[in-house]
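Required output: the full structure, derived from the provided sequences and hints.
First residue of the sequence shown? That's 1 in the numbering used here, and the numbers climb one at a time after it.
Derived by calculation from the structure, the hints in this document are not laboratory data.
Restraint ranges, calculated between C-beta atoms of paired labels, are given here:
id: 1; residue 1: Asp270; residue 2: Ser51; range: 17 to 27 Å
id: 2; residue 1: Glu409; residue 2: Ser328; range: 26 to 36 Å
id: 3; residue 1: Asn309; residue 2: Asp389; range: 18 to 28 Å
id: 4; residue 1: Gly242; residue 2: Thr283; range: 35 to 45 Å
id: 5; residue 1: Gln153; residue 2: Ala416; range: 48 to 58 Å
id: 6; residue 1: Ser301; residue 2: Ile392; range: 12 to 22 Å
id: 7; residue 1: Arg414; residue 2: Glu150; range: 43 to 53 Å
Capping the alpha-carbon separation at 30 Å, the derived lysine-lysine pairs in DSBU-like fashion look like this:
id: 8; residue 1: Lys170; residue 2: Lys182
id: 9; residue 1: Lys163; residue 2: Lys134
id: 10; residue 1: Lys273; residue 2: Lys383
id: 11; residue 1: Lys225; residue 2: Lys134
id: 12; residue 1: Lys225; residue 2: Lys213
id: 13; residue 1: Lys444; residue 2: Lys355
id: 14; residue 1: Lys134; residue 2: Lys60
id: 15; residue 1: Lys355; residue 2: Lys313
id: 16; residue 1: Lys373; residue 2: Lys383
id: 17; residue 1: Lys24; residue 2: Lys225
id: 18; residue 1: Lys168; residue 2: Lys119
id: 19; residue 1: Lys139; residue 2: Lys168
id: 20; residue 1: Lys313; residue 2: Lys394
id: 21; residue 1: Lys163; residue 2: Lys119
id: 22; residue 1: Lys323; residue 2: Lys436
id: 23; residue 1: Lys185; residue 2: Lys170
Since this is a predicted model, take the numbers as computed values, not measurements.
Where a beta carbon is used, it is the ideal one built from N, C-alpha and C, also for glycine.
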Amino acid sequence: MKKKHFILTFICVLFFSAYSYAQKYGTGMNFDDTRYNKIPKKAVLLSRDYSIIPASASLKMYCPTPRSQGSYGTCVGWSGAWGVRTILAAKAKGMTNPVEIAKEGFSPHFAYLHIKNEKDNNCQNGAFVDDVLKLFQDKGVPKLTDYSGECPQNNPDESIYEKASNYKIKAHATLFASDETKPFKLKAVKKALASGNPIIIGMLCAPSFGAAKGAWKPTEIPDSKMGGHAMCVVGYDDNQYGGAFEILNSWGNTWGNGGFIWIPYDTFIDFVKYAYEAIDFPTNLPNNVNDLAGSFKLETSNNTEMSANFVKKVGNVGIYQTKQPYFSGTKFRMYINNEQPAFVYALGSDLATQKVNVIFPFNENISPALNYKGNSIALPSEKHFVRMDNTIGKDYMCLLYSKEALDIEDIKSRIAAEEGDFAQKVNAVLGNDLVKNTNFQNSKISFSAKSNQQKVVAMIAKSNQQKVVAMILEVEHQ
Numbered sequence: 001m002k003k004k005h006f007i008l009t010f011i012c013v014l015f016f017s018a019y020s021y022a023q024k025y026g027t028g029m030n031f032d033d034t035r036y037n038k039i040p041k042k043a044v045l046l047s048r049d050y051s052i053i054p055a056s057a058s059l060k061m062y063c064p065t066p067r068s069q070g071s072y073g074t075c076v077g078w079s080g081a082w083g084v085r086t087i088l089a090a091k092a093k094g095m096t097n098p099v100e101i102a103k104e105g106f107s108p109h110f111a112y113l114h115i116k117n118e119k120d121n122n123c124q125n126g127a128f129v130d131d132v133l134k135l136f137q138d139k140g141v142p143k144l145t146d147y148s149g150e151c152p153q154n155n156p157d158e159s160i161y162e163k164a165s166n167y168k169i170k171a172h173a174t175l176f177a178s179d180e181t182k183p184f185k186l187k188a189v190k191k192a193l194a195s196g197n198p199i200i201i202g203m204l205c206a207p208s209f210g211a212a213k214g215a216w217k218p219t220e221i222p223d224s225k226m227g228g229h230a231m232c233v234v235g236y237d238d239n240q241y242g243g244a245f246e247i248l249n250s251w252g253n254t255w256g257n258g259g260f261i262w263i264p265y266d267t268f269i270d271f272v273k274y275a276y277e278a279i280d281f282p283t284n285l286p287n288n289v290n291d292l293a294g295s296f297k298l299e300t301s302n303n304t305e306m307s308a309n310f311v312k313k314v315g316n317v318g319i320y321q322t323k324q325p326y327f328s329g330t331k332f333r334m335y336i337n338n339e340q341p342a343f344v345y346a347l348g349s350d351l352a353t354q355k356v357n358v359i360f361p362f363n364e365n366i367s368p369a370l371n372y373k374g375n376s377i378a379l380p381s382e383k384h385f386v387r388m389d390n391t392i393g394k395d396y397m398c399l400l401y402s403k404e405a406l407d408i409e410d411i412k413s414r415i416a417a418e419e420g421d422f423a424q425k426v427n428a429v430l431g432n433d434l435v436k437n438t439n440f441q442n443s444k445i446s447f448s449a450k451s452n453q454q455k456v457v458a459m460i461a462k463s464n465q466q467k468v469v470a471m472i473l474e475v476e477h478q
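Now the structure itself:
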């Protein structure tokens, strides 16, 4: 009887200990699957691109000293500003001293002020991660030394917004849908980290997480009633704890492993509902490194490449033609490759109807950002083909590579409204935005370029304050 009483007491002590830890630390991530699934998602890469990642990757050297959000529900501001935005800036500058990085860290207080509910005077209601990333995209974020305050209520003066505008990101996206398979969630997060990108996660925060050390081994099962907590994933290692992700938390440097914690893969997949990526391209590449590069090809269903040659330029638009005609019913697949980060778009049209369609991104829920080096996507997918219809004549495919996001729907509409053939329309619409003096490879639809801080390049090009380089492939359709 005494033994049973001891066991019961011990279990109760453990439970209340974990509960007290959970109450000690603030969280504040709001979940909404419908909202999350409307955010543009990263395009699925070729299977091989997920299989060639290393056994470990880490951005921990770019992390600031962990700090605490206290008891406030401001984790979204902390994971976004102090976590992801600070890491990206430190990585861009090559900073690896956590104390020095912290001096350059960004303000979670500014971030939370601009994303919280207007009635959240006590900073307890939490926020949505997409709001903080949209803030970074539209307004930027200032450094903590320029704006601080645990639970600020009033907007800063205009000078702070001017400073914030220097630290915008280009875009943001999710890594997977809320109902995605567990294996894909795992490889998508690992791929992002291996490509040098920190990730914000939204996790069901169980009480046992408050007392975690080494690696978190929850005693609970995931429950939708658990509160949400946003944190920053900074690395992974297949040989740590049977395979685990390393997380930067916002509970101070006395929690966990000096403010960090390992979460084994299985636990991570069970408890993490959402994953977000801030998209910002490197700007400090060496002079001899091309910052835009990519290629494009078509392949029939019997794995034969539909080869093409460069034939001419129309204005600043490069034109390729397939070496042979293809017949209605031909099944083929498109492969788009990027060797350097870019926003990539593909348009399709034909001579007979002159209708213009967006081929990629194929819907508004797919991000045009292909921001991992040396990767490819297949359209419509690796397992499917498209079939040439019965419209005889010329088919056109136009690719745009850009350093900035483009309003592709507006471009599509303007091209459709122009007079002339397809190449003339593209040239007329993009006009001064097209990069001049572009050199196209003759026997392969491929390019590399130094953009010199301009926005868009395709093929072999050197831009001079222009935004866009366009490449068109003509397919003779019989």
